[in-house]
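The hints should help you fit chain B onto chain A, whose structure is shown.
Listed below are the residues making up each chain.
2 protein chains.
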Amino acid sequence: MCPALLMASFRTVKGFRDFFPEECALRNYIFDTWRSVARRYGFVEYEAPVVESTDLYRKKSGDEITSQLFCFSDKADREISLRPEVTPSLARMATARHRDYKKPMKWFQIGSCFRYEEPQEGRTREFIQFNADILGDASQGTDAELVALSIDVMLAFGIQAEDFVIRLSNRQIWTDFLADKNIAVEHTSAFLQIIDKIERAKPEDTAKKLEAIGLTLDEVRNFMTATDGDHPAFAALKADLSARGLWSYVKIDASIVRGLAYYTGTVFEVFDLKHGLRAVAGGGRYDKLCSLMSDGSVDMPAAGFAMGDVVLGILLSKTPGAQFGITEYLNAQQGVEAYVVIADEAQRAPALATVQALRSAGVRVDYSFSAQKVGKQFQAAENQKARLAVVFGAEYPQVAIKNLVSRSQELVAVEQLVSLVTDELKRPITGKLIA
Amino acid sequence: MCPALLMASFRTVKGFRDFFPEECALRNYIFDTWRSVARRYGFVEYEAPVVESTDLYRKKSGDEITSQLFCFSDKADREISLRPEVTPSLARMATARHRDYKKPMKWFQIGSCFRYEEPQEGRTREFIQFNADILGDASQGTDAELVALSIDVMLAFGIQAEDFVIRLSNRQIWTDFLADKNIAVEHTSAFLQIIDKIERAKPEDTAKKLEAIGLTLDEVRNFMTATDGDHPAFAALKADLSARGLWSYVKIDASIVRGLAYYTGTVFEVFDLKHGLRAVAGGGRYDKLCSLMSDGSVDMPAAGFAMGDVVLGILLSKTPGAQFGITEYLNAQQGVEAYVVIADEAQRAPALATVQALRSAGVRVDYSFSAQKVGKQFQAAENQKARLAVVFGAEYPQVAIKNLVSRSQELVAVEQLVSLVTDELKRPITGKLIA
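Chains as they are written, first to last, in my numbering: chain A, 1 to 435; chain B, 1001 to 1435.
Hints are not guaranteed to be accurate.
Computed cross-link-like contacts, DSS-like style, restricted to lysine-lysine with a CA-CA straight-line distance of at most 25 angstroms [what the hints assert, rightly or not]:
1) B:K1060 - A:K75
2) A:K385 - B:K1103
3) A:K103 - B:K1376
4) A:K373 - B:K1238
5) A:K103 - B:K1373
6) B:K1376 - A:K102
7) A:K14 - B:K1075
No lab work stands behind these hints, which were simulated from the structure alone.
Bound conformation, chain A alone (with noise of 0.2 angstroms):
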């Protein structure tokens, strides 16, 4: 082992991600409230292997992606890599068992995904995301599902209505215009990656590149102001929307096309109002991918959209409105219910027992594993947050019961306590915990 190895101080590696208590407890926050949404409109969590194929995406995304993969060999030469992102994995396998599920599937999934890019805020190398998608169903009550999902779960993080914007498009309008203009089919990608980048793209810039296929920048421009909620690619979308009350959440917007190429009817993405975040959520129709994905074997139509846990975060610290349901959750999970103070280590005995009967009765208890004094006692019992103190000293076979929130206390037979404590916890809390 080299010298520099012994001496070295191990840190994460660059763009990984350390979740200590306090950042896994936000972490799991951020899952129970997607797994929660997502099962309330009736969809099934599944997950795919983290390490796939490499040829997966090529397949998908053409020899050029393996610069953004976290790719390799492993020790019997395969070509794996570390996913990108869950979609290619997911119509490897609904497509690989389409005749096991009835259509519509309405498959989510959370899980971990590596880019191999430069970090930066709103980057890591590897995020989590959240993936909705419902396959086997073409109809735009389809892509209004995904557009209220992600909606609903925008509001069920407490970011409201003033916080945030579904920009929305259909990439068909696109293909509409250009055939209105005469230009050929051939140019579509290259136009598509134009409109992608235009609000970013220097104007002088992007009228060159649209000249170069026959377009101005000009008509380009007229056609993206013109196209509103009445054109009639967003009829079925729009009322369906407003039929849920959801519709004034949806901005149009023709300057969204998604980068990726494959996607093919409604796109959207979900952004935020009030710091200039990256997109938060993104997602659109992909009619064509399982038949890519399989060879045509099976081909069926497929929408998804997909939500990173990393905008995500920065957009709830900077929500007000988000605080409530996280100091929320993390009170209900964190800490325990009741602390078990061994004041006279001859109860030792019984007081573990009373430990273990709490817990099987499913309290949340902690306690001192060593002779502690009794004052570091109560103090464990703070900084557990602890509801309850329960006494083992001179007294036993009595025991004392603490409310360290009223500060009230009473001294019952220990064949009491189990169920009294129970009862004491199911009561509302009232006053607030010793400080």
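Below, chain B without anything else, positioned relative to chain A:
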């Protein structure tokens, strides 16, 4: 792209697993059970990256470890690995920020690990581990807490006293034995390797190896037979676990030393009693690891154990008593509670408004995205295990609520619908779902 690639039907990489919805639900049941028992014990959750520097594993286990690692160089020539276990990451995290947390730190984690081994029953290249560790407390009470947690986790899965055993030992008994026999300390590691394999190796091979360090197989066997719960090394643990009523789950077994070199005291493994599977879980005390991983800067006692999902999953499938919990969980989690049937497409808009209102009230709801025959919609309601169907038809603004379990039905005003549905879902289920 080569023609072979175009023809390929994609599969999972060798040793990796897909979790289709039914498998993912079982995985979630396992996660939720681990999590809820750990939280009852006052453990808090953390997570570490699945990718760490390869040096982290070399530091703990030596250079040889790399033969079992998914290790590779990234595009910047960093040597990185998919984690084979979580303990080195825990030691890295805990020593870096030990001042920020009260001791003892009771931390648990759930996530994937990766080993480059030949897949076989109970071993995959990717597996999920539950890790529970207590840092900063050297008392045997800590060890007892961990053993108790491992027992309660098994019991929470419906795996009962007749199904499993804790095989427990303490490395110290062998250190004392060797000292007693005047065997030089440098033989300790080789000796423990022999003990680790004593149950699987040929007796004549074991005898030969023992002779080489000056011992006979008989004296070792006799010592093992004589070592039971009355050995003073187990006194504190026995008193503690007896007080909890859990000592009967423990069998002292001096052959348990755990292959890994870093254990320093108590060691234990959880084994099934009926199917001869590999260990379900294993762990022990490792008081010197934090110091090793921090180059001596943080000397913190520690103990912990890990339980994998693969052997546990096999055991669950073979244990009749474990089925009830699984079924109950899946019934509560899968499918939807209400299905909105749109019998008349003219009522799609108010039906969608109701879908939205029910979901906002927390009800799991599904419906058909496009026009469908009524019979097909009821079929979908049954497939989704819906308890109620809400029918929007010609009677609108009156709407029918059908109880698909009791087959009763009533016509109600649409304004009353949400409160009636949520009330109905709170009632206990009687009768069976329509067949």
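Please verify whether B:K1060 and A:K75 have alpha carbons no more than 25 angstroms apart. holds (22 angstroms)
Checking one constraint from the list: CA of A:K385 to CA of B:K1103, max 25 angstroms. Satisfied? holds (15 angstroms)
Mind checking the alpha carbons of A:K103 and B:K1373 for me, to see if they're no more than 25 angstroms apart? holds (15 angstroms)
25 angstroms Cα cutoff - pair A:K373, B:K1238: The hint holds at about 24 angstroms.
Quick one, are A:K103 and B:K1376 close enough, alpha carbons at most 25 angstroms? Status holds; Cα separation ~12 angstroms.
Taken at face value, is the distance from the CA of B:K1075 to the CA of A:K14 at most 25 angstroms? OK: A:K14 and B:K1075 at ~12 angstroms, within 25 angstroms.
Satisfaction of hint between A:K102 and B:K1376, Cα-Cα up to 25 angstroms: Within the cut-off at roughly 12 angstroms; holds.
Consistency note: the structure conflicts with none of the earlier hints.
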